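Protein sequence lines correspond, in order, to chains G and L. Counting from 1, one number per residue, gives the positions in the first sequence under our numbering. Counting from 1, one number per residue, gives the positions in the second sequence under our numbering.
Check before you lean on any hint, since a few could be wrong.
[What the hints assert, rightly or not] With a Cα cut of at most 16 Å, we get these calculated EDC-like pairs of lysine to aspartate or glutamate: (1) G:K306 x G:D264; (2) L:K254 x L:D230; (3) L:K254 x G:D150; (4) G:K306 x G:E324; (5) L:K259 x G:D150; (6) L:K254 x L:E299; (7) G:K306 x L:D200; (8) L:K148 x L:D200; (9) L:K259 x G:E222; (10) L:K290 x L:D122; (11) L:K202 x L:D230; (12) L:K254 x L:D200.
Quick caveat, the hints were computed from the structure, so don't treat them as lab data. Quick caveat, the model's predicted, so the values are computed rather than measured.
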Amino acid sequence: MIGLWCILAGARPTKVEQSASATIQPEAGFRTARPGGRQAQDRRVGELSRAFLILLGLSLFAPDAARADENMLRLPQEVQGWNADGEDKVFTRQTIFDYMDGGGEIYLAYDFQRLLTREYARENAPRIVAEVYQMASSGDAYGIFTHDTDGQPVSVGQSALYSPGLLRFWKHRFFVRLQAEDETPKVKAALMSLGSRLASAIPQEGRKPALLEALPPQGLLESSVHYFHTSVLLNIHYFLADSNLLNLNSKTEAILARYQQDRDRPRLLIVRYPRPSDAAAAFEQFGRVYLRQSPAGNAAYRKLEKEQFAGGRREERVLLLVFEAGSRESAEKLVDFAASRMKGVTP
Amino acid sequence: MKHHDKNHRVTRRDFLRGTAYATLGLAMGIEGLPRAGKGSAFAAENPLSQVVLIRHEAAVDAGHQVNSVVVLEMLDTAMKTFTGESNVAKAWQRYFHPQDNVGIKYTRCSWQRIHVNQAVLDAITDPLIASGVPRSRVVANDFGLPVKDCTALINVPTVKVHTLAGIAVSIKNYINFTGNRSSYHFDGSAKLGETWLLPDVKGKTRLIVVDMLRPYFGPGPQINPLHQWDYKGILVGTDPVAIDTVCLSICQKKRNLFKGEEWLISPPPRSLAAADSIYHLGTSDPTKIKLTRLGWENEQLV
């Protein structure tokens, strides 16, 4: 195979993102300063070129199965009057911060592998940026998709959301963001067209995380479901503690979901650990620090602030925790229901 | 910062009970908290810090385009109000002198597309130069500002809820001065206040002008247009902690409005609490801040 990302990009050359040079033109100052400077830019170009060469090398040794599905994703040169403009850019785990300093952590937490970006331009129309993220697994592509669940569901890929000028979808191991500078009817049509073409170019569907099957369907607020691995992401969706209270890491799987049960709106958190002893240690710490009572057995519940109940139970290597329940009974019921469903979940 | 177990862990419960980040809880409108000080939020009679918020309905049009004439009027008015001067030039002369080398540190985040508007920069540089600071002694930049050579700084941030820091306004705006930005994104970004105490930075900030024309309140990391709104505001002050606290309060209320229920900014902005209690850059206690509100009142949120 000749360079995965060359194929993805339709054999267009790659180039590192330019330094964030300001369009703001300050007055001639007491000392001129240019962001980053030419030297820094050259250094980054060199770093990316090296990374790209490594990428090519890795692609040569990619397993056939992986090669087959990745080769199918091609960014078109033109979509509804918008043409590819400028050079494509490729970012790896090592260079993602060149693309989004202060944001790359989120993608890395979903085992991000590679990113391809291409810009599209059309005269007198907003520019469009296409970002194709390749994750290590379809579960992580689904996971990064659930990071921000606000938007109008549309039919692209396996799940998609549209906001004004922004289309996001996931399929197989890919998460795709297509964003325009502004929205017009033509922009929206172009985004939907581009999204559909990209989704069609991915022949395989990915499997959602099996852990989702443990979520009781009754009262589940679909748009509240987040899938993740680490405590940084848990805290973005639901701040639990300023330390890693549940010992989450890249090897743990977690799902956070919200329920509507009459006037009760509890949150259910399910965490699967590599080993039962990991789950036991986390549950003991959760009880001691958060509930402020060490669990006597495999279950513990307590009334907390605002007349709300929290707690949960451990089942082998899985923790099932509930927060903001209106009563102990409703908390236990939700956890027990999830635990019973957990028995049918693929190990 | 007060910690709550032997390993210094603060939990959601501590936060909600007001026993951790107490003043932030008050700023974020969490009910049932013991107030950090006495009195109403942002209405201090004997304030430790003052902040001026000005808004104008015409500052941003329906197509999200910024009106530079209106923005200039807004900042002129805000500066006169903040200083108590009747003349714009005198207001700027309170903080800057002809012999100053003035660095304007603005925010430009290309990947997130939340930039300080050119209109806001012009509304700063034009009256600053007109007040007597030579044009050759004024430089504006994000990366590469020659801070060592500056004798005075103007901090000009945007406002965004931030994935790792909770909120990013004036305190986080100096992260580029560190040369190692990623190292400040760990541990809830609690160390951000340290950037204000770097040898080349410490004591140089004379004024903070916040571009709150189109703030962002979503989970990030990239922009979802549903989470950016035309607030049409500018804030002026000298206390970064007080200013960021006001912005935190506004963003929290906007999030609640958007979801129709409490949607807490997460993680809690430890950097803001630490900037107050550890780095002593200002106050995050809303009862010790006097906020002067000017102009458009629709959905002011504070």
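Non-conforming hints, listed in increasing numerical order: Numbers 7, 10, 11, 12 - these are the hints that the structure violates, sorted from lowest upward.
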